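*Asks:* Now for the letters of each chain:
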Amino acid sequence: MSDLLKSDVDLEAIIAQADEDEITLRPDEPSLPPGEWMRKNLFSTPFNSVLTIVFALGALWAYRAILNFIFSENTQWDAVRVNLRLMFTQAYPDENYTRVWVSLAIVAVLAGLSLGLSKVGRGLSLKKIATWCFGWGGLIVLGVLLREPSVKTDASGESVFADANGVELVRDDLGSLAYANGDPAPSQGLELIRESFGSAMGNRTGWWIIGLLLLAVGAAIWFGLGDFRRRNTFVPAIPFGLAGVGLLVSTTWWYGWGNYTFSEEGFTYEPGELVASSTRNPWTVVFLVLVGAYIVGRAIQRTERAGTVRAITNLSWLLAPFVTFWAVLRGPVLDWGYVASVDIPLYLLFAVGGGLILWMLTNPHIGEAGRIIAVVILAIAAFTWISAFFGWFGMLQKIRLSILFLGLAALLAPNFKGDAKQRMKLIYGWLGFITIFHVMVTLINTPSSIEVPTEDFAGGFMVSIYVSIFTMIFSFPLGVMLALARTSRLPLFRVMSTVYIESFRGVPLITMLFFFTVFVNLFLPEGMELSLFAAVVVAFVLFSAAYLAENVRGGLQAIRRGQYEASDALGLTTVQRTAFIVLPQGLRVSIPPLVGQVIATFKETSLLAIVGVFDFLRMARDVIPAQTEFLGVRKPGLLFICVVYFVGAYAMSKYSQRLEKQLGVGER
Amino acid sequence: MSINDATTAVNAELAGRDDIIVCDGVDKWYGDFQALKGVTATIKEREVVVVLGPSGSGKSTWIRCINRLEQHQGGRIIVDGVELTNDTRNIEKIRSEVGMVFQSFNLFPHLTVIDNITLAPIWVRKRPRGEAEQTARELLERVGIPEQADKFPGQLSGGQQQRVAIARALAMEPRIMLFDEPTSALDPEMIKEVLDVMKELANSGMTMMVVTHEMGFAREVADRIIFMESGEIVEVGTPEHFFTNPTEDRTKLFLSQIL
Ligand SMILES: Nc1ncnc2c1ncn2[C@@H]1O[C@H](COP(=O)(O)OP(=O)(O)OP(=O)(O)O)[C@@H](O)[C@H]1O
Ligand SMILES: [Mg+2]
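Protein chains in written order, with this note's numbering: chain Y, 1 to 668; chain U, 1 to 259.
There are no misleading hints in this set.
25 angstroms max Cα-Cα, derived DMTMM-like pairs, lysine to aspartate or glutamate:
(1) U:K93 / Y:D419
(2) U:K151 / U:E131
(3) Y:K417 / U:E173
(4) U:K126 / Y:D419
(5) Y:K417 / U:E92
(6) Y:K421 / U:E133
(7) Y:K417 / U:E131
It should be emphasised that the hints constitute simulated quantities derived from the structure, not laboratory data.
Everything numeric in this text was worked out from a predicted model, so none of it was measured.
Work out the full structure: start from the sequences and follow the hints.
*Replies:* Take a look at the structure:
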């Protein structure tokens with residue numbers, strides 16, 4: 001454990017150092033005046049000028065088309081606004097919704113702590129803020145000018161129509177269209193009338209103000225600060241970010257987000273009802289928890305304990321998906337009698353018995369007997385799996401897994417031989433692992449108390465994000481193991497891993513998803529069954545691991561021979577060499593492709609819709625358009641999930657760029 | 001005459017000590033190419049041996065066989081009374097007794113200087129971390145860079161890196177130190193700082209085998225010089241004998257080329 005903490009501290013040191021280096025090594029490049037910049041970069045040759053103009057026209061056209069869609073009165077944004085809860089958590093019942101809030105609060109605590117504990121980076125440079133203000137201000141002003149005028153409305157807010165000749169129609173007392181002189185309107189050839197350009201501009205005062213204000217702020221920062229040194233002044237980013245989140249949360253108090261929920265009476269649609277009525281309090285609490293955790297983290301950051309707390313926080317991040325999904329959201333119903341008579345005794349057996357065996361195996365004087373015992377345990381584990389296949393001895397799956405884990409821990413034992421302190425490292429590791437494992441299995445084996453109309457309680461964005469996260473967590477170690485096997489000296493490992501990697505990379509993901517959701521249950525021994533959720537996670541994990549393995553292998557191959565020789569010359573064992581030298585260096589090099597793979601997985605979860613999971617995409621594609629209020633309304637929902645996917649993927653990509661820069665990938 | 005006397009005197013002095021490395025007819029092939037041809041030599045405790053020879057003569061190959069970074073195929077190598085065979089336990093034992101310093105330093109770039117030094121003592125020697133760090137700081141003091149403990153290798157000069165590498169090897173409290181051209185990758189102004197550390201180490205009584213092209217160092221520090229060519233030991237003798245009165249033609253040719 002202390003070594004874990006230690007390496008974490010080192011990472012922080014690298015990051016702090018890299019930040020310093022950047023300040024000293026990269027002086028600000030002098031910026032050109034805008035005119036000159038444009039001449040140099042956009043219109044340097046006739047060909048470039050043509051390209052610039054063509055591209056600019058294309059971009060303007062696309063921007064205008066998007067704006068026209070977003071602001072068109074035919075686009076029913078209500079379909080999104082009202083269905084937010086459905087899109088994110090699908091049919092998660094109203095009366096259990098506290099569980100969602102608790103999960104969010106857990107995430108908020110961890111996020112706040114992590115932000116607070118992070119070494120304070122340099123934050124945002126004023127120069128960058130100015131550039132953003134210019135960019136967004138310019139976009140908004142441009143948008144105000146480009147967007148087509150809205151449909152003209154009369155005093156009562158109804159759209160105004162004209163006949164084929166362009167003569168405006170009015171509404172009579174009954175609300176039907178007619179000519180101003182009272183003649184009835186023709187039944188065909190009617191068209192909506194749009195406002196004039198002038199009045200459209202006039203009606204967009206709000207947008208004008210926002211856009212011009214941003215431009216003014218940008219200009220004030222840019223020209224007000226004068227010399228370039230001052231432009232590189234930094235303002236802290238995190239408090240600004242938190243303020244942004246606060247602003248978003250505050251909308252629950254004054255904006256009608258609407259509400260469309262599933263409860264005992266079925267779906268309820270409360271148009272115009274402030275979502276605030278049900279969610280503004282929890283949202284506010286979650287936000288305050290976030291801010292509180294941030295303040296606590298900041299306070300701890302200044303103390304000696306920062307490294308320890310940071311390590312615990314990181315470990316909690318790893319556990320949080322499991323705890324929130326299985327213990328909180330799923331609402332497990334524990335059978336306490338069974339827990340007391342079976343689960344707890346089994347757990348104690350493995351915790352105490354396994355601990356004793358490992359204590360024995362780390363005895364410095366055990367010699368050859370240690371290896372033999374480890375092999376025997378692994379052989380027993382292998383036997384229990386084989387017997388499971390033939391259905392010989394029925395036993396709980398978790399017993400088989402526990403024996404396997406014990407065997408693997410026994411293999412590691414020689415690395416922990418030594419004094420009591422050294423030996424306890426392995427014992428603590430084992431106790432921690434086996435506790436988490438047994439608690440999780442016990443929870444997973446319980447029925448869920450959440451009653452939903454679909455097979456799994458998770459749906460919407462919730463299922464997409466959990467599939468991504470579980471895929472990441474499980475495919476990472478699997479991918480690393482495959483990569484190590486593929487670069488191993490033992491031909492058997494090499495061949496097996498190569499076969500695995502090549503076959504899984506050769507199969508389309510969607511086929512794998514169908515295979516696991518449809519066929520696998522037919523092959524599984526009786527009594528074993530994969531739920532839809534488990535099946536898709538397994539398919540994703542196996543698929544993603546093959547790609548991760550190749551990325552990691554690339555990193556491993558970049559390690560110079562001298563590193564292996566130095567480790568060997570120092571007497572490190574193969575396991576130690578791999579854990580302390582090879583993997584840390586190899587993984588560092590593979591960060592960009594690894595994050596690329598994570599982003600790909602996140603986006604590929606949209607395939608879940610095809611195999612029958614009610615995921616985020618399916619909400620927009622099938623569920624919302626089936627509601628009576630929004631029959632056939634797909635586009636707004638689809639655009640919305642695009643935006644959410646984009647924001648997620650973009651954030652990850654930005655984070656990886658930061659990580660890469662901090663770890664100096666490609667510079668060492 | 002005087003040279004012969006000196007050689008005899010050295011031999012007499014060495015005779016009282018234990019053999020710590022014994023190589024007996026060591027053969028090593030890379031495919032069809034024989035890199036070592038029946039290398040036979042004995043190194044005594046606390047002896048400093050400098051291995052000289054033209055490029056490709058097998059110097060590196062030989063000293064890398066001694067801690068089994070390379071496997072020899074014929075003959076016997078006995079280090080500190082343990083014969084090097086395929087038995088992994090022997091290899092583990094030897095590697096923790098024999099320190100090695102490489103031409104290209106081979107520090108671990110992702111670990112700080114102090115972690116580079118303490119990693120093996122903690123995990124191989126099972127030292128408590130605090131004690132290992134204490135030792136590491138003393139060693140950094142000894143090699144003259146106590147203030148660099150918390151930096152990363154990439155932030156140090158070549159000479160400093162090589163001194164960290166020496167400290168890293170010493171932290172395992174080895175009985176033997178192997179050096180494979182420790183100064184060849186260094187800028188001239190940094191060579192001296194590394195050689196000074198090695199001299200101090202030699203004076204402290206460490207058994208050392210050094211492959212180097214630094215003739216000044218060889219003359220001043222070596223107890224014996226072993227000259228190799230084409231995978232064979234051509235001549236062995238004290239520095240005085242070697243530099244003033246070599247017997248073999250091949251040695252003379254080599255010396256005429258480099259001196
Ligand atoms: N891994 C290898 N595979 C094939 N041949 C090798 C290998 N390593 C070394 N050799 C060959 O063995 C011979 C001895 O090499 P070695 O590196 O021991 O020489 P050296 O005396 O250390 O030379 P230098 O002074 O250039 O370092 C050389 O001819 C070299 O080409
Ligand atoms: Mg060499």
